[in-house]
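Starting from the known structure of chain A, fit chain B onto it as the hints suggest.
Protein chains: 2
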Amino acid sequence: MTSSLDPDIAGRLKRDANGLVAAVVQDADTRAVLMVGWMDDEALHRTLTTRAATFWSRSRAEYWVKGQTSGHMLVVREVRLDCDGDTLLVTATPAGPTCHTGATTCFDADRLL
Amino acid sequence: MTSSLDPDIAGRLKRDANGLVAAVVQDADTRAVLMVGWMDDEALHRTLTTRAATFWSRSRAEYWVKGQTSGHMLVVREVRLDCDGDTLLVTATPAGPTCHTGATTCFDADRLL
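One line per chain: the protein sequences are A and B, in this order.
For the first sequence, my numbering gives the first residue as 1, with consecutive numbering after it.
For the second sequence, my numbering gives the first residue as 1001, with consecutive numbering after it.
For the record, the hints were derived by calculation from the structure and aren't laboratory data.
These numbers come from a predicted model, not from an experiment.
Just so it is clear, CB atoms sit at the ideal spot from N, CA and C, and this is done for glycine as well.
Please note: incorrect hints may appear among the correct ones.
[Stated by the list, open to error] Over 12 Å on every C-beta distance to chain A, these chain B residues come out as not near it, computed from the model:
1) T1002
2) S1004
3) Y1063
4) G1067
5) Q1068
6) T1069
7) A1095
8) G1096
[What the hints assert, rightly or not] Cross-link-like lysine to aspartate or glutamate pairs, in silico, DMTMM-like; alpha carbons within 20 Å at most:
9) A:K14 - B:D1016
10) B:K1014 - B:D1086
11) A:K14 - A:D86
12) A:K14 - A:D84
13) B:K1014 - A:D16
14) A:K14 - A:D40
15) B:K1014 - B:D1040
16) B:K1014 - B:D1084
17) A:K14 - A:E42
18) B:K1014 - A:D108
19) B:K1014 - B:E1042
20) B:K1014 - A:D110
21) A:K14 - B:D1108
22) A:K14 - B:D1110
Next comes chain A alone, as it looks inside the complex (with noise of 0.2 Å):
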């Protein structure tokens, strides 16, 4: 779809071979890296534009507002694009568990080494 996105922005994007960049979240206070997702140029403008963090679900194929069923949004205080333009990190600060299964990050349970 067409997006709003700042053309000075989207210049600098590069996407995966979906139209997808990664996008990590990190809480601003306590500094956990809470989740990853996927924006898409559009996600990423609603996300700077309403500060509530937004994903491409590729499961869904659908935009997705954190928060939106559970109440548990990521209200944004910065986003920064990494050196070679795929990934954002994405500052915020968490409205309750950011997890689905109520841990307060999706890191929590599964511990490799």
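Coordinates of chain B only, in the frame set by chain A:
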């Protein structure tokens, strides 16, 4: 290629169409998000067993030990898999600036919000 990755771990990974998962690297001390790279089973196996963060370079199509040329390795302290199995969180101690530009992190230069 065939990997020696622990089959219990391999069974929990949800790889993309190219057989990769995203790997977010966070500084063990400062908690800064340093970079995001990509790992296949073998890169993860090497990361877990050598504790030197090792990625699959999509552009060069080869394994890549971070710091192999610069000396700025990422010494791995902890590795976690997220709730849906498609992203790793690698906690590491960097031996120098992580970004190839000489910046501390790959997210230092381009702030969108």
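Here is what the structure says about each hint:
A cut-off of 12 Å between C-beta atoms confirms that T1002 (chain B) is not in contact with chain A; the least separation is 20 Å. No Cβ of chain A comes within 12 Å of the Cβ of S1004 (chain B); the nearest lies about 14 Å off, and the non-interface call holds. Every CB of chain A lies more than 12 Å from the CB of Y1063 (chain B), the least distance being 18 Å, so the non-interface label holds. Even its closest Cβ contact with chain A, about 16 Å, leaves G1067 (chain B) beyond 12 Å, as expected for a residue assigned away from the interface.
Annotated as non-interface, Q1068 (chain B) keeps its C-beta farther than 12 Å from every C-beta of chain A; the closest such distance is 18 Å. At roughly 16 Å, the least C-beta separation between T1069 (chain B) and chain A is larger than 12 Å, which holds for a residue marked as non-interface. Separation of A1095 (chain B) from chain A is adequate, the least Cβ-Cβ distance of about 18 Å exceeding the 12 Å criterion. Listed as a non-interface residue, G1096 (chain B) keeps its Cβ farther than 12 Å from every Cβ of chain A; the least gap is roughly 16 Å.
This hinted pair checks out: K14 (chain A) and D1016 (chain B) have alpha carbons roughly 17 Å apart, not beyond 20 Å. Restraint check for K1014 (chain B) and D1086 (chain B): the C-alpha separation of about 5 Å stays at or below 20 Å, so the hint holds. The hinted pair formed by K14 (chain A) and D86 (chain A) meets the criterion: a straight-line CA distance of about 5 Å does not exceed 20 Å. Proposed proximity of K14 (chain A) and D84 (chain A) is supported: the alpha carbons are some 7 Å apart, at most 20 Å.
Under the criterion of a C-alpha separation no larger than 20 Å, the hint pairing K1014 (chain B) with D16 (chain A) is consistent with the structure, at around 17 Å. The hinted pair formed by K14 (chain A) and D40 (chain A) meets the criterion: a straight-line CA distance of about 10 Å does not exceed 20 Å. For the suggested pair K1014 (chain B) and D1040 (chain B), the alpha carbons sit about 10 Å apart, so the restraint of at most 20 Å is met. Only pairs whose Cα atoms come within 20 Å are accepted, and K1014 (chain B) paired with D1084 (chain B) is accepted, the gap being roughly 7 Å.
Under the criterion of a C-alpha separation no larger than 20 Å, the hint pairing K14 (chain A) with E42 (chain A) is consistent with the structure, at around 14 Å. A distance of roughly 17 Å separates the Cα atoms of K1014 (chain B) and D108 (chain A); the hinted pair therefore holds under the 20 Å criterion. Proximity of K1014 (chain B) to E1042 (chain B) is assessed by CA-CA distance (about 14 Å); at most 20 Å being required, the pair is judged to hold. This hinted pair checks out: K1014 (chain B) and D110 (chain A) have alpha carbons roughly 14 Å apart, not beyond 20 Å.
Taking the CA atoms of K14 (chain A) and D1108 (chain B), the gap is about 17 Å. The hint holds against a cut of 20 Å. The hinted pair formed by K14 (chain A) and D1110 (chain B) meets the criterion: a straight-line CA distance of about 14 Å does not exceed 20 Å.
In summary, this structure violates none of the numbered hints.
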